[in-house]
Every structure is written in C-alpha cells, then in structure tokens.
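Visitor: Since the structure of chain A is already known, use the hints to place chain B on it.
Listed below, chain by chain, are the residues.
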Amino acid sequence: MHPPDPRSPIAVDFVRTGDRVGTLAFARELMQCLGVDRLHLRVRPPAADQAHLAAEQARRIRRDVGALTEIPESCLVTVPEFPAGALVVENVRARHRPDLVCLAPMGERGLTVRALEAARAASVLVPFGNGASAWQALRLAAAIARGSRLELLFYHTTWRIPGLAAENPAAHMCPEAVAMQARLETQATALAIPFQTVIECAADVAVGIVRAAVLHRSRLIVVPQSHSVEVGDYCHQVLDKSPIPVAVIGKEVAL
Amino acid sequence: MSSQPEAPVAAAPAGEPPNPPGWRARLASPYGVMWLVVAMYLVKVTVKLSAGYLTNSPVFISDGYHNLSDILQAFAVMLVVFMARRPPSADYPLGKSNVEFCSSLVIGMGMLWLGWQFAVESGVGLLHQFPAVEQLVRDRLSFLPAHAPLRADAASYPWLIGIMAASGLVSAIVSRHQIAVGRRTGHASLVADGRETASDGRIELIAMAGVTGQFVFNAPWLEYPLALLVAGLVVRTGCELSAQAFRALLQHSLPQDVEGHIRAITMDVAGVDEIDSLKTFQVGQVAVCLLTVRTRLGAEKVAFVRLGVEQRLRDFLEQAGFISSEIHLNFRAATVDRRRIAFALSPSGGGLVVAPALESADHLAICDVEDGRIARARLYVKPDRPAAFLQDKLVGRLFLFTPPPEPPDRPQLLAAASGEPVIPIEQSTVLDPGLLPLEG
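First to last, the sequence lines map onto chains A and B. Letter 120 of the first sequence, counting from 1, is numbered 120 in the working numbering, and no numbers are missing. For the working numbering, add 255 to where a residue sits in the second sequence, where the first one is 1.
Only chain A is shown next, with the shape it has when bound in the complex (with noise of 0.2 Å):
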C-alpha cells in the first residue's frame, strides 16, 4: 500500500468558506504534511461582459491568500470547481460532490498547532466495521499520521452478543471485523506507524468514535461515507458532534 498520491490536490472554498484565515492554515499544513506543492482555490469567474476581468480577479486572489499563508503565488491555483478526488478543507459539507474528501478543521488550525505533551502521542482515528471502507480510510489516515508524526488509533464499537456472557468486548466482534482489525493492524506494522486499537460496547456509534478521539488526544477521525447507507450515516453524525476536525471520504473517492 502506498500513500495517497502527492499530485492529489488539495483545496479550499475560496468563496464559501466561513473561517477563511484558519482554513487555509490547516490547507497549509495539510500540504507539507502529505508533500503537496498545489492549492487549489475554487473560485466563481465573473462571466458575461466582465469575463475579461477573470484573470485580475485570479491574481488579486493568488496575491491575498499568498498573503495569508506565506504559499508562493505560483503554488495556488484558482479552478472554478474542484478536481475530482481532492480533498477539500471546508467546514462546510460538499454533500453534493461524493468524489471528494472533504475535511472540517472545526475551527482548529492545523494537526499539530496544539502543544503535545511528551509522553503520550496525539492520533488520527480510524474507525472500522466489517467492510471494506476502512481500509480507504487507512490509505489516508496513515499519509497524514506519518506526515504528522502522530500514531494511529483504529476504532471499532459492537453490540453484545446475546447469550454470551464474556465481560471483554473484543469477544463479541464478528470475523469480519476481526479480520479487519488483523488487515488494518498488519498494515500499521509494515508501514513503521505507532498505533493502538480500542475496542468497545458502545451505546452509540457516532458518540463512541468522538468519545474514544476526544480521550485518546487524536487530532483527526478520518471516516469513510457508506456506500449504502442513505439517512443517518455515521460520517455525517461524526461531523455534528465531533470538535475533533473530521475527514470524509466520498463514496466514489478511489484512494
């Protein structure tokens, strides 16, 4: 498994975005964590009889948000969408677009702005169930906690089996699951990256997964959007509780 591709763009909301400054701080950081050298920055050209103004309005934006973040002028690239397979630092939802990553940074600026304490590593959390989808989230996760240096926190929460009386909660999981926990563990290992994996009986999904980041210091809960589920997926009950900043990754994103 390799990382993402570096040549992934990342991308801001140039318009839209509300915390324009902290935004593209995080997109900053984002970008010499994972050895982006491109931001793209979407912006609405003016049409009709002031389309000859595009290119001015272009230059005044390069020039302000070089400004901001001290990026060269030559590394931000203003699009009138977003390519397919970016990941977007906005807080709000391109729900519309299940080809992105979109990345909330809940007013944080960045994955380590926060001091660290020493003796206890910060983390990305990846949650995982039985399927496939974690293992996506993982591709990235691992990009950013090694271009971070934070470890990796994989998550899992299960019902109780009935009839089974084991107080351990890693008894009940199903060998899907299990399996995944071995896939994704395995990864970790190969790929030189610090990690621990919780496993518990939450009552809640979504609040078990913001519980276990908020306590285990992580600095980033990746989590993949379903590719069934259409009311009620976790990634977007993640988004309305977590004050962790939230990365989800679209449907049709191939990692």
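Possibly wrong hints are sitting among the right ones.
What the hints assert, rightly or not - Residues from chain B shown here face chain A by an in silico Cβ test under 10 Å; the list is partial:
id : residue
1  : A525
2  : V527
3  : I530
4  : A558
5  : G606
6  : T684
To be verified - Partner residues aside, some chain B positions facing chain A, computed with beta carbon under 7 Å:
id : residue
7  : F536
8  : V560
9  : L562
10 : G563
11 : S603
12 : V624
13 : R628
14 : L686
In case anyone wonders, no lab produced these hints; they're calculated from the structure. Where a beta carbon is used, it is the ideal one built from N, C-alpha and C, also for glycine.
Guide: Relative to chain A, chain B alone:
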C-alpha cells in the same frame, strides 16, 4: 466529590453475608493502623517508664512521657480521620477533609517545638564537654537547662541499649506502614503522624548511640553531634508539615508546575480557544479546579470538549498524587472580532458585480463581519450622499473592484463631512458578489 476509597474486602458469594475483613485488611485501614500505633506506644510507655525509674534515667523517663502524649495524639488523629470521612453535605459540599490539615498543623508545630528542645538539650550536652566555654555561654544565656547525664551501671547498659534499639526499629517500621496507608487512603493526618513517629524513631536511635558510646567507649559526647543532626531533620519535617497544612487550610493554589500542566492539558483539547480563568486549591487530598475556557463550538460539540478536558485533568491530577479531583468547567463563547464593511455594487449581465468605483455603483452592500466571516449582509440602493450614509452605518471600510493598475500605496479616502472620520477604500479581491450572501 467521590468518597474516600476503602480497603478492598473479599467479595462474598451471592446470597451470603460478606466475609469480615481479615487482619491484613484491618491493618491496612486508617483505623487499623492507628490502633497498631496506640498498641506500639502502650508497650513503649510501659517499658521506658519502668526502665527509666529502675535506672534513674531522665532520658528514658522523659521519652516515656513523650510517648504517652503520642497515644493521645493517635486518638486525636483517629477522631480527625472519622470527621474527614464523613460524606459531603449541603453545608459542607466538599466534605470536611480539610480538618486533617488542622491535625497536620498541630503535629507540625509540635515537631518544631520537639526539634528545638532536642537541639537545645544536645547543645547543652556538647557544651558540657568544654567547661570553660559552657561557663561563658551560661553567663550570657541564663535560660539554658541543666545538663542531665545518663546514670546507669554496667549491668543495665545492655538492657537500655536493647530497649532503645528495639523501640527505634519498631517506630521505623510502623511509621512507614502508617505513611503508606495515609497516602493510599488520602489521609494527610495519618501521613503527618507517621512522619512524627519516624522522627521519634530517629531520636530513639540517637539516644541508643549515646548510651552505646558511654558503655563501649566511655564517650557519651558522641550522642550530641548526632542528636543535633536529628534535631535539624525533625525541624525540617515540622516546617514541611506546617507549611503544607497552612497552604491547604488557606486554600493556596496548587503548585505552579501543577497549574502549568493543567493549562497545557486544557489547551491541548480540540475546541478550546483560550483559558479565561483558572483557580485551583486543595480540600483534603482532593484537588479542586475551577476553570473557565472560551470556545467557538456549539453545545453538541462542547459536550465532548468537556469530556476531554475533565477526563484528562482527572488522570493528570491522580498521577500528581491527589486521591481524587473536582473539576468545575465553564464555557464562554469566544470573543468575536466584529466589524462592518461595505461593497459598492454595479449591475452586470442581469446580476451584480463589485463596482470599480463608487460613482458607477447603484447599490451598497453593508456587511457585518465576524472573525473574518460575513455573518449578515444587507443591500441598499445607493443614496444621494453615500459617504454620509456609510458613516451613519458605522462602516469601517469600503471595497471596490478597482481596475488595474494597482491603487496608490496609501488607501484612498472617501470624502466626508469636515471633522468626521474618513473611510478607507480597499481593493476587493473578488468581483463575485456571491461572497456576500446576497444571492437569491
């Protein structure tokens, strides 16, 4: 506040009455260890007073009576432990565990007095070895007590040495157990009493050294330099206990490094923008932390910020040696940077764009900006006197999409009435009025 943890008791099978705790469990409980201390002092008092009166030894007699006062002190500590273990009530919401520091203070002051007395007696003993110097000093310091040498014969020396050695050893063992139980159960008075017992043990061992010196080398003066050293240790322990008790009783803040860690841990939790205020103090062995933080997040997310801050502070304070903690966490909305700006808009292709000049604009968008985000925007038809209108609306800056070349170095100023503040004109980045939530 959580109640003090009890010593573990073996679980009984369902339906049967619980087994009574064994003697080990009893000895590991605060009351058990204090009964052990009482028993130890009863034996010591009996032996020391008997030996003292038999050999006419003032050292043994005074030490015997000192140990008698230690028995009373042990009962006082038990009373204090009983009070401290009472559950919190409406009148005492944090419980009464601070009463333990009253006992620590009394013990600490007592140790200061004991150390002083011991130092003076040792100094007098040392002076007695140099009669000329002693006379000179006594002429100036008339309050010095008379020197009381040990009076014993060759037959009684081994007994006296044995009694003091055994007594010192027992004190050392019991005091260690007492301190360990006190720390584990969070009873400061038990720890203080244990440290006092340990000091008694050291004094007994020094007395033994003196008796041995006289018996083996006929050099009783050996006792005095050692005794001065022990007096210094006793005074130091007394100072520590008194200072700790004062700090707790007067609700001194937790140590600076602990507060520093509390701040660092709090700021490490995602969602915390800044710490507004932090007050810490100690009630018994419970750390109390009153914390107000600022956040921009909504209620649903703040619940998890609270969880993160509280849990991590509890873990840290437990590691720092507190038996439990009370975290009172308040959230305040983060300070918002508010300003008002305006965009001049002109028609273009059936819509609006940011105008290149105020003269060519036919609308003005007045925007309330919060932390760099346009939170509210309202569209006005450009009035006849736009400068006065913008000043009435308290607009700080006017944005235009001025065509190239670049505007002059200094921002242009909008003409305003004499004496009124001017409004700087800025070059808008975007031509797109979609930036202002005015569409639709």
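Visitor: Could you run down the list of hints and mark each one as holding or not?
Guide: Taking the hints in turn, this is what the structure says about them:
1. A525: 5 Å, holds
2. V527: Status holds, d = 9 Å.
3. I530: With a minimum Cβ separation of about 13 Å from chain A (threshold 10 Å), the hint on I530 (chain B) is violated.
4. A558: This interface hint holds because 8 Å falls under the 10 Å limit.
5. G606: 8 Å, holds
6. T684: Interface hint status for T684 (chain B): holds (5 Å vs cutoff 10 Å).
7. F536: At 24 Å from the nearest chain A Cβ, F536 (chain B) fails the 7 Å test, so the hint is violated.
8. V560: 5 Å, holds
9. L562: 6 Å, holds
10. G563: With a closest approach of 4 Å, the G563 (chain B) hint holds.
11. S603: OK, holds: S603 (chain B) within 7 Å of chain A, min 5 Å.
12. V624: 11 Å, violated
13. R628: 4 Å, holds
14. L686: 5 Å, holds
Hint compliance for this structure: hints 3, 7 and 12 are broken, all remaining hints hold.
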